[in-house]
Amino acid sequence: AQKVTQAQTEISVVEKEDVTLDCVYETRDTTYYLFWYKQPPSGELVFLIRRNSFDEQNEISGRYSWNFQKSTSSFNFTITASQVVDSAVYFCALSERNRDDKIIFGKGTRLHILP
Amino acid sequence: EAQVTQNPRYLITVTGKKLTVTCSQNMNHEYMSWYRQDPGLGLRQIYYSMNVEVTDKGDVPEGYKVSRKEKRNFPLILESPSPNQTSLYFCASSHGSGYNTEAFFGQGTRLTVV
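Protein sequences, first through last, are from chains A and B. Read left to right, the first sequence gives residues 1 to 115 (the working numbering). Read left to right, the second sequence gives residues 1001 to 1114 (the working numbering).
No lab work stands behind these hints, which were simulated from the structure alone. Quantities reported herein were computed from a predicted structural model and do not represent experimental measurements. Honestly, I wouldn't trust all of these hints.
[As the list claims (entries may be wrong)] List time: in silico DSSO-like cross-link candidates among lysine-lysine, alpha-carbon distance up to 27 Å:
1) A/Lys107 to B/Lys1057
2) B/Lys1057 to A/Lys102
3) B/Lys1065 to A/Lys102
4) B/Lys1069 to A/Lys102
Work out the full structure, taking the sequences as your base and the hints as a guide.
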């Protein structure tokens, strides 16, 4: 069954600490995509990254990095040297080629960066 | 500016009074979808559309209707709203089939049904 689990409901860290948000997924498809979205306190949803199932390379974008491991069905997101502006709810999502284009989101992780 | 526009942003209505939330995108995207966001449940897909006149149910379609008569518009219709449909709603659009491209989201519609 298609499923995305973000086990961390809420995380609080002090500014400048590193923090990792976990995402574990379940799929029977061999072709799928994984996404991360950010929802800041203002409420909009902002795309962060997309990764397909055939590309296990980790990615770094500034202070953000993503670790995709098919062996553990995980797509974790790390923020290095966190800043207050990183405070948001972060969603991981999964879509499968053979699932009629439905997209499944995890329940989200609320991240508080304390000054 | 590329955007997805939802209206209204806020709506309070009474049980049973039909309402429509509009969604329009100016990016010529094929794929559009509606989500609801509830505390502790994250985002759940209500309906999606691959293109004009093609719509499909997501995971929580009960109580909702949609239509896709034009590529740019994808309204969400609540024929007889109930209090359990109080939620934050997002419309989104994507290029192509939707499953392999990033979604652009509207600003959200906060609906309260009393």
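Evaluation of the provided hints:
no. : hint                  : in the structure
1   : A/Lys107 to B/Lys1057 : holds, 20 Å
2   : B/Lys1057 to A/Lys102 : holds, 9 Å
3   : B/Lys1065 to A/Lys102 : holds, 17 Å
4   : B/Lys1069 to A/Lys102 : holds, 21 Å
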